[in-house]
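Asker: Use the sequences and the hints to build the structure in full.
Protein chains: 6
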Amino acid sequence: MNASSNARPAGRPSGRAADQLRTVSLQPGAARHAEGSCLIRMGNTEVLCTASVEGKVPPFLRGQGQGWVTAEYGMLPRATHTRGDREAARGKQSGRTQEIQRLIGRSLRAVTDLKAMGEMSVILDCDVLSADGGTRCASITGAWVALHLAFRHCMKMNVIGTMPLKDQVAAVSCGIWQGTPVLDLDYAEDSKAETDANFVMTGRGGIVEVQGTAEGEPFSEAELIGLLGLARQGTAELFRQQRTACGLG
Amino acid sequence: MNASSNARPAGRPSGRAADQLRTVSLQPGAARHAEGSCLIRMGNTEVLCTASVEGKVPPFLRGQGQGWVTAEYGMLPRATHTRGDREAARGKQSGRTQEIQRLIGRSLRAVTDLKAMGEMSVILDCDVLSADGGTRCASITGAWVALHLAFRHCMKMNVIGTMPLKDQVAAVSCGIWQGTPVLDLDYAEDSKAETDANFVMTGRGGIVEVQGTAEGEPFSEAELIGLLGLARQGTAELFRQQRTACGLG
Amino acid sequence: MNASSNARPAGRPSGRAADQLRTVSLQPGAARHAEGSCLIRMGNTEVLCTASVEGKVPPFLRGQGQGWVTAEYGMLPRATHTRGDREAARGKQSGRTQEIQRLIGRSLRAVTDLKAMGEMSVILDCDVLSADGGTRCASITGAWVALHLAFRHCMKMNVIGTMPLKDQVAAVSCGIWQGTPVLDLDYAEDSKAETDANFVMTGRGGIVEVQGTAEGEPFSEAELIGLLGLARQGTAELFRQQRTACGLG
Amino acid sequence: MNASSNARPAGRPSGRAADQLRTVSLQPGAARHAEGSCLIRMGNTEVLCTASVEGKVPPFLRGQGQGWVTAEYGMLPRATHTRGDREAARGKQSGRTQEIQRLIGRSLRAVTDLKAMGEMSVILDCDVLSADGGTRCASITGAWVALHLAFRHCMKMNVIGTMPLKDQVAAVSCGIWQGTPVLDLDYAEDSKAETDANFVMTGRGGIVEVQGTAEGEPFSEAELIGLLGLARQGTAELFRQQRTACGLG
Amino acid sequence: MNASSNARPAGRPSGRAADQLRTVSLQPGAARHAEGSCLIRMGNTEVLCTASVEGKVPPFLRGQGQGWVTAEYGMLPRATHTRGDREAARGKQSGRTQEIQRLIGRSLRAVTDLKAMGEMSVILDCDVLSADGGTRCASITGAWVALHLAFRHCMKMNVIGTMPLKDQVAAVSCGIWQGTPVLDLDYAEDSKAETDANFVMTGRGGIVEVQGTAEGEPFSEAELIGLLGLARQGTAELFRQQRTACGLG
Amino acid sequence: MNASSNARPAGRPSGRAADQLRTVSLQPGAARHAEGSCLIRMGNTEVLCTASVEGKVPPFLRGQGQGWVTAEYGMLPRATHTRGDREAARGKQSGRTQEIQRLIGRSLRAVTDLKAMGEMSVILDCDVLSADGGTRCASITGAWVALHLAFRHCMKMNVIGTMPLKDQVAAVSCGIWQGTPVLDLDYAEDSKAETDANFVMTGRGGIVEVQGTAEGEPFSEAELIGLLGLARQGTAELFRQQRTACGLG
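Chains as they are written, first to last, in UniProt numbering: chain A, 1 to 249; chain B, 1 to 249; chain C, 1 to 249; chain D, 1 to 249; chain E, 1 to 249; chain F, 1 to 249.
Simulated from the structure, these hints should not be mistaken for lab results.
Remember, it's a predicted structure, so these values are computed and weren't measured experimentally.
A portion of the hints provided could be inaccurate.
Note that the list lumps identical chains together, so a pair holds whenever it fits in one copy or between two copies.
Quick list of in silico lysine to aspartate or glutamate cross-link-like pairs, EDC-like style, CA-CA up to 16 Å [as the list claims (entries may be wrong)]:
id, residue 1, residue 2
1, Lys192, Glu215
2, Lys56, Glu119
3, Lys166, Glu215
4, Lys115, Asp186
5, Lys56, Asp167
6, Lys56, Asp190
7, Lys166, Asp113
8, Lys166, Glu217
9, Lys115, Asp167
10, Lys192, Glu217
Answerer: Here it is as structure tokens:
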């Protein structure tokens with residue numbers, strides 16, 4: 001996938017083939033203190049994902065014998081070309097931040113057997129150290145590794161008996177660039193694409209979440225299906241790298 | 001559409017056919033003071049949409065000779081079965097609220113020629129008086145009517161020369177109920193559906209936004225396409241009613 | 001009252017006689033989900049009042065065997081001529097909002113036997129859909145109907161044994177218009193009146209709260225008494241309409 | 001007034017006659033830096049009032065050639081029997097605080113010729129050092145002295161040409177204690193009184209604001225008039241002391 | 001100390017000798033309701049310190065059989081030459097305020113045997129009524145008196161058996177004025193000094209906290225030692241006055 | 001310095017000699033987008049420092065022809081052993097955070113010629129990726145490198161003519177461990193040290209800031225001087241590494 005492919009070249013700004021991912025790297029254990037962690041790089045996008053285990057659940061779940069997985073997302077002020085406000089200094093998280101962290105949480109819960117966790121929580125912190133497009137998708141892909149490692153840690157500590165993850169989950173953004181669907185938009189591509197769609201998919205090929213937005217002209221059903229095909233191809237590679245990072249066959 | 005159809009009945013909780021919308025009504029001019037307004041009812045969901053015109057644009061657009069359309073969303077505390085916190089009293093809008101109002105704004109901008117507006121803004125307020133599922137979709141559908149009426153008011157006042165709306169936009173939620181795609185989920189259906197997808201579509205058949213979420217099992221490409229087909233059918237009826245509400249052919 | 005009267009006409013902006021209320025309507029049960037509700041219209045002022053029952057009391061009352069009644073007040077952003085900020089978006093309620101909701105709560109508690117409620121709370125939400133003066137008074141009058149209906153619901157459910165409402169309560173604003181006391185100011189009158197006074201009165205003729213403010217020149221004792229007389233006349237009509245709305249003799 | 005009177009003793013907790021004020025003292029110039037200031041003591045209630053002059057008006061008044069007078073109110077955390085939260089630490093002012101500071105501002109504006117001020121503002125800060133009932137009334141009475149001194153300072157500096165104060169304003173609370181109207185409630189009396197009413201009056205005998213609240217049983221017109229009479233008597237003494245504090249005949 | 005000394009005069013703005021404190025006064029019991037209180041004046045700086053006893057500890061200390069001492073700091077808006085924002089109105093405490101209140105709390109805990117307190121808390125409120133430099137140091141010195149008196153009150157009430165204060169603590173600021181170390185900077189001196197250092201010291205001569213900041217040029221070890229010597233001299237006098245205020249030998 | 005020294009070993013938890021720094025590394029240019037950046041590691045403490053240049057100054061400096069340098073500090077939630085709250089989610093920065101960022105800003109301004117900058121600002125963001133004690137000191141040391149690089153960038157761009165940095169600045173914490181002064185505390189040492197002192201020093205040997213706090217027993221002048229000596233030794237090594245990181249002789 002990362003090598004060139006036989007797809008018709010799109011003349012994308014990045015020079016990549018239409019179905020070519022950026023260089024991906026997943027570094028497990030990147031955070032010293034967390035029960036599970038992963039530093040994911042997708043090209044120049046870099047997100048530190050940590051999984052923190054807590055021995056309790058939120059009030060609305062107490063006494064129900066099940067666990068909870070949630071996420072928080074942040075971006076260092078100078079992760080971007082021009083410095084952004086520090087949300088802690090401004091005193092609130094933006095709508096975009098909240099939207100992203102809700103998506104990450106939902107995506108990871110979709111592949112987690114909450115009953116198998118017992119009454120404990122895992123908080124996934126996804127902090128963007130460097131941003132070049134696709135930070136929400138990279139967060140999901142990296143958070144799965146952090147979560148997997150945290151659950152393995154809990155199993156080793158005999159806190160849980162079986163792995164609560166039922167499947168892998170990964171995400172990638174696709175877009176329409178000058179009429180052609182292309183995979184894994186970087187920032188320069190994203191800001192000029194006609195349509196931007198994020199796909200969250202499972203290892204077994206199901207769709208967990210699809211969010212497609214026409215930036216300019218509305219898109220068609222055929223285009224949506226084209227984007228979905230690219231996402232399927234891209235996440236296949238991400239699933240392979242997740243397994244490698246976790247030392248799974 | 002509102003009459004029974006020949007689709008195979010899904011045994012949905014609402015007793016509606018799989019491709020049957022709830023009773024829809026669009027009441028233009030429902031708010032005395034607003035430049036444009038519409039009270040939309042989709043079954044027991046009821047949203048008051050107002051369009052307020054302001055003679056300036058946000059700072060990031062100043063001096064660029066174009067306009068802006070944005071939205072705010074709220075829900076009366078007792079619009080729901082059990083009373084929700086008043087966001088003004090809690091001191092912040094929830095992530096869900098922000099996500100919805102960003103979606104409404106994006107959807108309406110997708111069919112607006114911002115250049116044709118000149119330097120003015122329209123704020124769309126969508127306030128849910130009664131909630132029974134599908135409030136964000138109803139907000140988009142009703143807000144289009146409010147926006148259309150507000151622009152007509154501006155044309156009558158000679159503030160703008162041509163109608164900046166390039167197309168209609170409407171939205172509907174679909175879901176998978178016991179394996180069958182069904183149209184226009186009410187609250188009871190939504191809380192039990194396996195998948196919930198919101199489609200924002202244009203009068204000419206394009207997709208402006210798709211947001212599909214697997215609540216339980218991931219969904220497949222075929223299911224996504226099935227849901228899209230229902231949405232196309234449902235929005236066709238909504239477009240017809242929008243035109244009637246605005247007195248358009 | 002609503003018909004013309006033999007009071008000397010004041011030449012008020014509204015054309016009403018000095019002692020003439022606006023057209024009043026009280027629509028019980030206007031909110032589908034609430035235990036009690038009432039949509040009150042006083043001319044073009046329109047407030048949706050809901051009563052929500054909760055099976056607990058605030059911390060400062062726990063274990064004392066008594067109940068609590070409190071109120072929250074809000075205004076849709078475009079209830080007014082020019083759009084107001086959404087308080088939820090600004091992140092706090094204005095001083096005016098807090099002042100009004102404290103007044104509504106106090107007024108309803110004044111006619112409620114909190115002991116007879118047992119340890120439960122009722123939250124009265126008064127949301128202004130359309131504003132044309134007198135919204136705090138309309139809120140009190142409408143909230144009494146919502147509260148009465150909610151208590152009746154609790155009695156039917158055998159949650160409480162006797163009706164905790166000891167009396168009716170209603171409110172009306174009066175003012176001095178070009179030297180003459182007039183009843184039930186609308187927005188145009190209120191903004192030009194020399195004095196504005198809100199009277200909260202009980203069905204048996206007692207005063208629960210009086211708030212009189214000189215907008216221009218201070219007022220005299222005689223003027224205060226004149227305004228009180230009008231308020232007594234106006235609330236008499238409101239009490240009659242409250243009883244009708246609740247199906248009371 | 002401060003000496004005993006021939007009113008029928010009410011057996012009030014304070015042992016004072018029904019129409020007897022607490023010991024009053026007004027210390028002008030109590031704050032070193034302020035343009036005008038006054039430390040007012042009413043019995044054990046102690047409020048430091050300062051008037052700060054600023055050479056600009058709020059945005060809504062700019063360019064209209066008139067001034068503005070506004071107020072802020074606060075209470076030291078241990079001004080009361082049990083320590084209250086520090087509002088700055090909690091991050092917001094209570095509804096009570098906002099209600100009081102709005103009342104103080106309105107009351108002082110009622111006797112100020114804003115046009116005569118030109119485009120400048122005076123901010124009145126009323127900070128309660130010790131609380132024993134009647135802090136809002138003491139604030140108004142003391143703030144008038146601070147404002148008068150600040151205006152005199154501005155006249156001496158040739159910033160304004162004529163004294164913008166048209167009249168004196170002072171306030172006192174009255175209540176019904178075991179069926180008898182009594183003047184100037186202290187905390188112990190206030191917490192047990194049946195009715196509590198604050199009267200803001202002018203030197204020429206007009207009423208600027210009346211706020212009467214039934215704490216238990218509603219009150220009657222006759223009682224309201226009785227309370228007003230006491231207030232007139234009490235403010236007469238306060239006006240005398242204000243003039244002395246300002247060195248006026 | 002307060003009389004002139006034989007130190008070489010520094011030509012300080014205040015005209016004081018280099019090692020001369022401002023006039024100090026400590027008025028115990030200045031707040032009617034607090035368990036302990038002290039109004040401290042250092043020249044024109046005036047801080048009201050109150051100690052409020054609460055029968056519980058913060059959550060992180062529960063069940064550990066020890067007490068807690070903490071502090072809050074505030075400044076009246078017009079304590080200063082030009083009016084400052086009211087922190088309660090702005091909705092948050094400044095970084096400076098938080099820094100100061102953390103310092104006050106740490107300083108007092110340094111001389112308190114928390115075990116000897118049992119599970120109770122003392123909150124020290126230090127509110128600046130008039131500011132002329134050195135408010136954080138005056139707060140510490142005055143708070144010690146308030147805390148001592150509060151503990152004595154608790155001993156009299158048999159809430160605690162022995163005095164938990166192990167030593168005295170007091171603070172003073174020193175600075176370098178035109179090359180010469182000087183004691184107890186007032187505002188005019190502080191704003192022009194090259195270096196500003198606050199020393200918190202104990203009755204037995206130990207250092208609890210030192211905070212030295214170069215405002216202009218960095219300072220040397222010799223200068224730091226010179227400032228420390230002055231602080232030792234200044235706090236000796238403050239310790240004497242604390243003992244007098246508390247009626248200790 | 002990093003090699004063993006001939007100081008008497010203190011038996012410190014880290015096994016280091018009393019005067020031994022942790023392994024230090026300064027990685028310039030660690031952030032892709034910032035005008036200057038440095039990733040500093042002191043043992044397991046890791047802070048990403050970025051310098052962002054903006055072409056304007058804060059309002060209080062406008063039109064004075066000088067620049068400004070300020071700092072913000074943050075910590076990733078899982079930089080620590082147990083996860084801390086995300087300050088952006090909580091809605092405010094802690095007192096500790098504000099205290100630290102004020103210190104960083106002051107320290108860097110102490111060696112900057114603000115006049116030489118012209119009207120521009122540099123914001124230093126110091127974000128702790130991994131925390132093991134000494135994060136505020138590491139932030140200052142790393143921020144100097146980021147600032148130096150940013151100024152060099154501005155010189156290359158001809159935005160400024162001369163290097164505004166007058167000197168180097170670096171910081172290190174020292175403490176008293178079982179009676180012996182030791183250099184560069186890690187978290188385990190810091191939490192048990194009797195005294196903790198942070199020294200901010202300049203390349204020419206001056207003291208910019210000293211903050212010493214007795215955690216248990218007060219400390220003496222001799223101990224303060226001992227700590228200062230260690231700090232001088234430690235910062236000498238840090239200055240050497242800063243120069244290397246910046247490619248300075």
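Asker: Against each hint, give a clear statement of whether it holds in the structure.
Answerer: Against the structure, the hints come out as follows:
1. Lys192 with Glu215: within (9 Å within a copy, 32 Å between copies)
2. Lys56 with Glu119: Within one copy only: 6 Å inside a chain, 27 Å across chains, cut-off 16 Å.
3. Lys166 with Glu215: between (35 Å within a copy, 15 Å between copies)
4. Lys115 with Asp186: neither (38 Å within a copy, 28 Å between copies)
5. Lys56 with Asp167: Classified as neither: same-chain Cα gap 24 Å, cross-chain 43 Å, threshold 16 Å.
6. Lys56 with Asp190: Neither way: Lys56 and Asp190 sit 40 Å apart in one copy and 29 Å across, limit 16 Å.
7. Lys166 with Asp113: So Lys166 and Asp113 pass the 16 Å test inside one copy only (6 Å; across, 47 Å).
8. Lys166 with Glu217: Result: close only across copies, 11 Å inter versus 38 Å intra.
9. Lys115 with Asp167: Intra 15 Å, inter 47 Å, cutoff 16 Å: intra-copy only.
10. Lys192 with Glu217: The answer is within: 12 Å in one copy meets 16 Å, while 34 Å across copies does not.
The structure is inconsistent with the numbered hints 4, 5 and 6, although it conforms to all the rest.
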